[in-house]
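Trainee: Residue strings, one per chain:
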Amino acid sequence: MTENGFGAAVRRKEDHRFITGLGQFVDDINRPHQLYAQIIRSPIAHGKINKVDVDAAIAMSGVVAVFTGADMAADGVGGIPCGWGITSKDGSPMVEPGHPPLAAECVRYVGDQVAVVLAETRAIARDAAELVDVDYAELPSVANLESASADGAPLVWDDAKGNICFDWEIGDKSATDAAFAGADQVVTIDIVNNRLIANAIEPRAAIGDYDAGKDEYTLYTTSQNPHVIRMLMGAFVLSIPEHKLRVIAPDVGGGFGSKICHYAEEAIVTWASRKVNRPVKWTADRSESFISDAHGRDHVSHAELAMSKDGDFLGLRVSTRANLGAYLSTFGPAVPTILYATLLAGSYKTPAIHAEVKAMFTHTVPVDSYRGAGRPEASYLLERLVDKAAKQTGIDPIELRRRNFIQPEDFPYQTPVALEYDTGDYDAAVVKAIELADYANFDQRREESAARGKLRGVGISTYIEACGIAPSNVAGALGARAGLYEVGTVRVNPTGSVTVLTGSHSHGQGHETTFAQLVVEALGVDFDNVDIVHGDTGKVPFGMGTYGSRSAAVGGVALMNALEKIRTKAKKIAAHLLEASEDDIEFKDGQLSVAGTDRSVAFGDVAMAAYVPHNYPLETLEPGLEETAFYDPKNFTFPAGCHICEVEVDPDTGVVQVVRFTAGDDFGRIINPMIVDGQVHGGVTQGIGQALYEQCVYDDSGQLLTGSMMDYCLPKADNVPNFAVTTNVTPCTHNVLGVKGCGEAGAIGSPSAVINAVLNALSDYNVDDLQMPATSERVWQAMQGNG
Amino acid sequence: MYEFNYHRPTSLDEARKILGDNDEAKLLAGGMTLLPTMKMRLASPSDLVDLSNIEGLADISDSGDAIEIGAMVCHAEVAASDVVRAAIPALSDLADSIGDAQVRNRGTIGGSVANSDPAADYPAAVLGLNAVVKTDRREISADDYFKALFETALEPGEIVISVRFAKPERAAYSKFPNPASRYAVVGVMVAETAEGIRVAVTGAAACAYRVTAMEDALSKDFSAGALEGIAVDAADLLSDLHASAEYRAHLVGVMARRAVRQLIA
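If you read the sequences in order, they're chains A and B.
Residue numbering for the first sequence follows our numbering, starting at 1 and increasing by one per position.
Residue numbering for the second sequence follows our numbering, starting at 1 and increasing by one per position.
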């Protein structure tokens, strides 16, 4: 292994600036003469806007302007677009309502934007915002899937009858029906996937900065994908061509999917900046984040598994209702469809699968991606169902899984729900995980717990996920309205240092370290002589950003392809310098040598020759040493693994404590094992959060009850054990790095392992139905027979 | 936060004068409830009277049969105090269980007792240990102090000076924390005092209260078993997102038994 190269546990380069408070987040940026924006948000879930009286606010000293939806409409501002279209079973397109950045006629959730105040200070903006008098005619609302589905329910949108955005299906219905008809036994389950709020540590922020001299705009924003924001906002909302709009997403403090979406505030500050010809800054406070960041999950499903008498899976039938919120968020429609139902095969050879998904509008915050986005919902449903099947058939849960696993020799494996898995070895992960978890001695630990009055349970999940949606043409056929490639530029500077421009975006993932490791591996340059530039459309040629665990598998491969071009050109230059044939040049550890001789030239000297081309093959080769690659993958990558959780339940109170957690994952080849461990720790913690603590709750009138950390329970350090993690490697077969992706796996595999463990702990209590989060009261009630 | 005037008087007289001159003035102790409420714009006092510079409000003293904790003593100091630990370890433990480290370093016993949040921990100690709340004008016994939701016997402008805890024979506090906020969903203080057994509950109802049926049972037989079968009426208990009244009623029994077991162990 090269020092600091591929596979080394290099410490994160970027952490020094974060730990010492020198990061530059959007709110750290201040532009000369900037104004502060305060958004006036709807306090009600549904209502007609009769009148917005801004006079008192405008009269306030220090207030520069107050704008309403009517002002934006008058300027011809477009609606926030949706980036994914879904077609219903009957061939009709999804209902796609308009989404003005500031609502002009009607508000549709608590937090919906109505007006914006621009003032000299944040305090004045806040005071003035309270003087904006909005007269609403309140209308009846639907706050959840149940009320939205009721007969005669109030409609969020008049043209979405029954509040249905689309009614979609995947798989072969008749084959699945036939499988059930021939089945010896059927297991059914009803599953709620609880609604979550991402709660990135950095609240969203945006600064619009219009330069009247050049007629150019700059938007600083907390985004996971600045080029996508430039495309969506420039083309669809504000009609600004790309060359006049620069989007910068500098250091960003966590996203978890909630910072993929194009948000109204980005368009509002950009548009307003031109209106007042001054920079306009908006920073959400935490309360605002709760009611304006896209929420995640929120499914209600019924599933049935048909089996032979021996426990072979014959067919799977799933019916899901998914809450999309009041408007379509950027990738909202893709989450409960393409990113969900395509994963329902899991790691099993179920021959027939049919799933239908009804996506519903409600008067709540729009729902979009949250760590895993669709895949945790699929994995949770399937792994709960499989565990229930094990209980019902009396087959050991690990044995039942093994019996149905897709085997190594089955790859590539075409599932009945569109995906083709390239590679994997699911049992290898199970073997590693059960050994690390000391699964064999669980009974002994259960007795120890019992001696302390605790009920101990163990739960397992064998998940699969799909990373790096691809290829673009297939994604397009499935409804994507953008490409899903990635871009990497390698700029070798004259003295041999390297600047990488990547379309991936790090908001915690550590690309400044892992991508530098790829450069070290390929070019043999010193780790400290590599800089990774990301998050700026003014610097990076193009990019689709970071989400869906795609950075290494797509962005990393694009970078690797650009590095390969650099290596090729460097060899040509070296061949000239060494007066040898290009074919005889070997490039290793930063030296280019003539094979079988002691003649060599350092990579740095090759770089210098490229920029000072005095001794250079100018007739056949351009000067300079900079290459770009666009990489569009042939397929998704398919990480998989086995999670084993042990819990202790306090029978007096119902409190669940996770006491052991083991993850055996297959992420393909690993660039930096320390960073991968950290990703697994974080993902599993969020999965434990979903399983035991987190729950976004609206009351019947659409008011958010969990609007602060006092009521929305994030997992804390004492809620999680030390994690035991291990990996098993089956390299991805269709990318040059052999990598798959690791960012979301923890959140995908863990919730079902946790709940299966809780149910196992309660095995003497005849509880087979328990929804997330398994709060102490829920568990206690279930133990009382009130589940 | 709205604009307000900030005062930092050096004497109680000065504090009282500012309070008297401004109808909308509020006392500021640790500010762990008041400041977030102001930041959320749910409170808008015209004046804040910060008590942190008044001498004599932040002492912990031992008078032999009782300890007295100044109103401005923060939770972390109570938790770390050798005087408190030697006299009433249950009180040290209770203070150490409040909120998080930041809250314990800012929040004060006087602020907590004056605010009487239904989910605060100190009210269980004040009532369970039969403490005396000493103000700038009188002494109020615990049984007369807690009135209703965020309501105490304090009169407008009355300033808590200290809380005096007689040393109990033994006492234990058992808490069921809210997993999100770490406030008490239910907290029970069980104490054997000179006046008898006391069982005080916080978190479950609008304000701290005593469970006399449990006190009577423990007076006859001080064991966890003596509490079995004593039904806690859910009718008057709080019910919210975090716990139904039924669950709270159940937890009162569980926490009381755990406190008793701690004392017997």
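Please note: incorrect hints may appear among the correct ones.
To be verified - In silico DMTMM-like cross-links for lysine to aspartate or glutamate, where the CA-CA straight-line distance does not exceed 20 Å:
no., chain 1, residue 1, chain 2, residue 2
1, B, K134, B, E14
2, B, K39, A, E130
3, B, K17, B, E158
4, A, K388, A, D768
5, B, K39, A, D584
6, A, K571, A, E582
7, B, K134, B, D50
8, B, K134, B, D62
9, A, K349, A, D285
10, A, K454, A, D700
11, A, K391, A, D285
12, B, K39, A, D764
13, B, K39, A, D285
14, B, K134, B, D65
15, B, K39, A, D27
16, B, K39, A, E288
17, A, K539, A, D127
18, A, K716, B, D100
19, A, K48, A, D27
20, A, K89, A, E169
21, A, K89, A, D71
22, A, K716, B, D96
23, A, K244, A, D711
24, B, K220, B, E169
Derived by calculation from the structure, the hints in this document are not laboratory data.
Trainee: Each hint needs a verdict: does it hold in this structure or not?
Mentor: The hints, checked one at a time:
1. The straight-line distance between the Cα atoms of K134 of chain B and E14 of chain B is roughly 19 Å, inside the 20 Å bound, and the hint therefore holds.
2. The suggested pairing of K39 of chain B with E130 of chain A holds, with an alpha-carbon distance near 14 Å, which does not exceed 20 Å.
3. Distance restraint check for K17 of chain B and E158 of chain B: the Cα-Cα separation of roughly 12 Å lies within the 20 Å cut-off, and the hinted pair is therefore satisfied.
4. Of the pairs offered as hints, the one joining K388 of chain A and D768 of chain A holds, with about 8 Å between alpha carbons and a cut-off of 20 Å not exceeded.
5. Taking the CA atoms of K39 of chain B and D584 of chain A, the gap is near 70 Å; set against the 20 Å cutoff, the hint is violated.
6. A hinted pair counts as satisfied when its Cα atoms are at most 20 Å apart, and K571 of chain A with E582 of chain A qualifies at roughly 6 Å.
7. Annotation: proposed proximity of K134 of chain B to D50 of chain B holds, straight-line Cα distance about 19 Å (limit 20 Å).
8. For the proposed pair K134 of chain B and D62 of chain B, the alpha carbon gap of about 15 Å is at most 20 Å, so the pair holds.
9. Restraint check for K349 of chain A and D285 of chain A: the C-alpha separation of about 48 Å exceeds 20 Å, so the hint is violated.
10. With a CA separation close to 37 Å, the supplied pair K454 of chain A and D700 of chain A exceeds the 20 Å bound.
11. The suggested pairing of K391 of chain A with D285 of chain A is violated, with an alpha-carbon distance near 47 Å, which exceeds 20 Å.
12. In summary, the hint linking K39 of chain B to D764 of chain A is not supported, as the alpha carbons are separated by about 49 Å, beyond the 20 Å threshold.
13. As the CA atoms of K39 of chain B and D285 of chain A are separated by approximately 11 Å, the hinted pair is consistent with the 20 Å bound.
14. Simply put, K134 of chain B and D65 of chain B have alpha-carbon atoms about 17 Å apart, close enough for the 20 Å limit, and the pair holds.
15. As the CA atoms of K39 of chain B and D27 of chain A are separated by approximately 19 Å, the hinted pair is consistent with the 20 Å bound.
16. Between K39 of chain B and E288 of chain A, the direct Cα distance comes to roughly 13 Å. Compliance with the 20 Å bound is thereby established for this hinted pair.
17. Between K539 of chain A and D127 of chain A, the direct Cα distance comes to roughly 39 Å. Violation of the 20 Å bound is thereby established for this hinted pair.
18. Distance hint between K716 of chain A and D100 of chain B is fulfilled; the C-alpha atoms sit about 11 Å from each other, no more than 20 Å.
19. The straight-line distance between the Cα atoms of K48 of chain A and D27 of chain A is roughly 34 Å, outside the 20 Å bound, and the hint therefore fails.
20. Taking the CA atoms of K89 of chain A and E169 of chain A, the gap is about 6 Å. The hint holds against a cut of 20 Å.
21. Between K89 of chain A and D71 of chain A, the direct Cα distance comes to roughly 39 Å. Violation of the 20 Å bound is thereby established for this hinted pair.
22. For the hint linking K716 of chain A to D96 of chain B, the alpha-carbon distance of about 17 Å falls within 20 Å, and the restraint holds.
23. As the CA atoms of K244 of chain A and D711 of chain A are separated by approximately 44 Å, the hinted pair breaks the 20 Å bound.
24. Simply put, K220 of chain B and E169 of chain B have alpha-carbon atoms about 16 Å apart, close enough for the 20 Å limit, and the pair holds.
In this structure, the earlier hints numbered 5, 9, 10, 11, 12, 17, 19, 21, 23 are contradicted, and the remaining ones agree with it.
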